[in-house]
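Which chain is which? The protein sequence lines are A, B, C, D, E and F, in order. Residues 1 to 128 (my numbering) are what the first sequence spells out, left to right. Residues 1 to 128 (my numbering) are what the second sequence spells out, left to right. Residues 1 to 128 (my numbering) are what the third sequence spells out, left to right. Residues 1 to 128 (my numbering) are what the fourth sequence spells out, left to right. Residues 1 to 128 (my numbering) are what the fifth sequence spells out, left to right. Residues 1 to 128 (my numbering) are what the sixth sequence spells out, left to right.
No lab work stands behind these hints: they were computed from the structure. Errors might be hidden in some of the hints.
Identical copies go unnamed one by one, so any copy, or any two together, can satisfy a pair.
Under the rule of at most 27 angstroms between Cα atoms (straight-line distance), these lysine-lysine pairs were calculated in the DSSO-like manner [said to hold, decoys possible]:
#1 K118 - K57
#2 K118 - K38
#3 K57 - K38
#4 K9 - K38
There are 6 protein chains.
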Amino acid sequence: MDKQTRYEKGLLKLSEVDGSGGHAVVRSLENIAPDLGKYIIEFAFGDIYTRETLSLKQREMITLTALLTQGGCENQLRVHIAGALNVGLSQTDIVETFIQCIPYVGFPKVLNAVFTAKEVFQNHAVTS
Amino acid sequence: MDKQTRYEKGLLKLSEVDGSGGHAVVRSLENIAPDLGKYIIEFAFGDIYTRETLSLKQREMITLTALLTQGGCENQLRVHIAGALNVGLSQTDIVETFIQCIPYVGFPKVLNAVFTAKEVFQNHAVTS
Amino acid sequence: MDKQTRYEKGLLKLSEVDGSGGHAVVRSLENIAPDLGKYIIEFAFGDIYTRETLSLKQREMITLTALLTQGGCENQLRVHIAGALNVGLSQTDIVETFIQCIPYVGFPKVLNAVFTAKEVFQNHAVTS
Amino acid sequence: MDKQTRYEKGLLKLSEVDGSGGHAVVRSLENIAPDLGKYIIEFAFGDIYTRETLSLKQREMITLTALLTQGGCENQLRVHIAGALNVGLSQTDIVETFIQCIPYVGFPKVLNAVFTAKEVFQNHAVTS
Amino acid sequence: MDKQTRYEKGLLKLSEVDGSGGHAVVRSLENIAPDLGKYIIEFAFGDIYTRETLSLKQREMITLTALLTQGGCENQLRVHIAGALNVGLSQTDIVETFIQCIPYVGFPKVLNAVFTAKEVFQNHAVTS
Amino acid sequence: MDKQTRYEKGLLKLSEVDGSGGHAVVRSLENIAPDLGKYIIEFAFGDIYTRETLSLKQREMITLTALLTQGGCENQLRVHIAGALNVGLSQTDIVETFIQCIPYVGFPKVLNAVFTAKEVFQNHAVTS
């Protein structure tokens with residue numbers, strides 16, 4: 001029962017945070033690595049995102065920073081920039097999060113993140 | 001005058017955020033790369049940390065995440081864990097920031113950050 | 001009940017793989033981030049290490065490679081080099097795993113891993 | 001003569017592991033950095049891949065892990081996922097290798113690797 | 001006045017190094033993160049690139065190496081490979097810089113950089 | 001005969017660049033991974049460092065940048081900072097190389113490199 005609960009809790013949280021983008025990622029794993037989708041839902045969203053102490057806005061800010069910093073994760077940044085907007089961070093908050101990273105990771109990765117955000121913001125404007 | 005202002009603004013902000021730890025870093029650069037200390041004060045603290053939109057608590061949360069994610073920056077983590085406490089994040093907030101990183105960077109770097117925090121918290125308790 | 005099962009399954013697997021080194025890591029988290037220890041047991045060892053398809057030897061070989069490649073994880077390498085010996089990889093297998101990484105990550109990180117192994121092998125010889 | 005031997009040994013091993021994909025990489029270097037292609041054949045394949053102790057399956061498993069972990073190497077992953085199939089790893093082995101990396105490098109890079117594998121498996125099905 | 005000077009100095013240096021490519025990057029930031037463009041001009045080009053001791057050729061060689069090594073920065077590599085040509089490095093110097101990195105970062109990232117250079121050299125030939 | 005030549009060429013170059021520090025690294029590999037030492041001599045120093053086009057000063061500048069950028073390679077930085085001094089780079093050149101990296105990799109890794117240099121310069125002064 002608990003396993004179901006973790007999955008269910010995770011699925012609700014995934015919907016709340018990443019909306020259709022998160023579900024699309026999980027669905028695209030179905031015919032290659034369905035357990036990977038299950039772990040994302042159960043562990044990342046069921047166990048971690050549902051914890052107390054930090055708000056969803058804070059959690060997305062941290063996630064954006066971790067994605068920007070490791071580099072090469074533009075696809076995941078795309079999903080979580082949309083997620084950050086979903087949970088109430090403004091476009092300005094998101095760009096400012098990236099700017100705060102400059103002294104710690106340098107300009108190149110910050111530029112990659114900002115250009116990814118630019119693209120997401122434009123699509124978001126079109127679809128809303 | 002503006003250059004002085006950036007330096008002065010940065011020095012104030014450095015004191016506010018990193019306290020004695022930040023000044024110790026800058027001082028230890030004096031006889032090898034004084035300009036590096038100057039850029040940290042002027043650019044990181046004078047230009048970036050003084051920006052609006054995000055609070056100092058948010059900025060330290062982002063900095064901690066960027067340091068944890070790139071790895072091998074235990075010395076800088078040490079200074080900024082103390083800085084995070086200085087600007088009002090609790091020990092629980094800091095540990096929770098690291099836990100939020102697990103799905104995005106894996107356990108090893110999170111463990112390194114948590115053990116660094118453990119050490120800083122212990123010293124902090126002793127000296128306060 | 002399932003949660004207990006994941007924890008119990010993970011604890012058994014942790015004992016099998018990392019022996020006392022793994023338990024020491026979890027124990028040292030108790031007074032700072034006990035949930036981190038719980039996730040390592042439940043998720044890393046209960047969910048992932050217990051999966052089928054690959055043997056424990058293969059899993060440790062993969063883990064060693066992931067730790068070597070990201071760099072700055074000497075503490076985790078130490079635990080998993082001992083773990084690799086526990087599950088039946090020979091000292092030669094471990095060194096050869098590191099040598100296979102040279103073309104993909106370069107000499108410096110391979111040197112760091114080999115010197116960590118040298119240290120673990122020496123302690124292992126002394127204590128066995 | 002020995003130099004020729006290393007090159008010849010490497011060329012044979014490259015054909016055995018990476019098949020046409022590896023040769024295509026080397027050929028595309030001809031008019032820009034031919035020595036780079038030579039070093040890949042002589043050193044990576046002639047010196048390292050021909051060593052004893054580990055099987056080609058184990059070597060590809062290690063290579064896949066090193067490529068996944070450092071990130072941003074989707075082109076090389078593509079060649080080595082095909083290589084892993086060539087030397088006898090199954091699609092399930094490859095996906096499972098990536099899943100074993102989750103606790104050590106987090107979900108984003110694992111997702112990148114799995115989606116790259118999905119693409120390679122589809123092309124492989126079409127061409128075989 | 002000094003701020004203007006840093007910006008003006010940086011703009012001149014940016015033109016000297018990266019030519020139209022650098023200006024295009026800054027312009028594309030205008031409607032999303034104009035301050036990021038300002039910092040690149042003021043700090044990266046106004047403060048750092050204008051320093052003494054090293055020549056522009058040496059500075060571009062260092063920048064190319066830093067971009068290659070962190071990975072996932074192909075867009076920035078593209079701009080700085082063109083920049084390296086602008087300040088007088090030859091195509092051979094650039095490729096040789098990448099080859100010197102092999103023992104320290106491995107083949108995959110070097111391959112990514114060389115293929116990026118191949119593309120830039122081809123466009124450069126067409127437009128000059 | 002050619003193999004011997006690569007080894008001999010590499011050994012001479014290693015002596016020229018890294019002096020006693022490089023030999024100490026190779027010697028410390030003897031009873032754990034002697035082939036790793038052989039590859040460093042044959043490939044890194046025999047094949048790569050002996051190439052034309054770039055000077056040894058340029059090669060060490062590139063190596064220092066690659067080591068700084070990947071992080072966690074303080075031991076290798078130590079050897080190559082001494083190597084850079086051996087081939088004629090000044091202390092100022094070395095620090096300036098690190099400062100040029102700030103916009104591309106951020107302050108933390110630059111600080112790590114500068115503090116490593118500080119230590120090497122002090123020992124160098126004592127022993128010369």
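Quick rundown of the hints versus the structure:
1. K118 - K57: Both, since 19 angstroms and 26 angstroms are each at most 27 angstroms.
2. K118 - K38: Classified as between; 17 angstroms across copies, 30 angstroms inside a copy.
3. K57 - K38: both (24 angstroms within a copy, 25 angstroms between copies)
4. K9 - K38: both (12 angstroms within a copy, 18 angstroms between copies)
No hint from the list above goes unmet by this structure.
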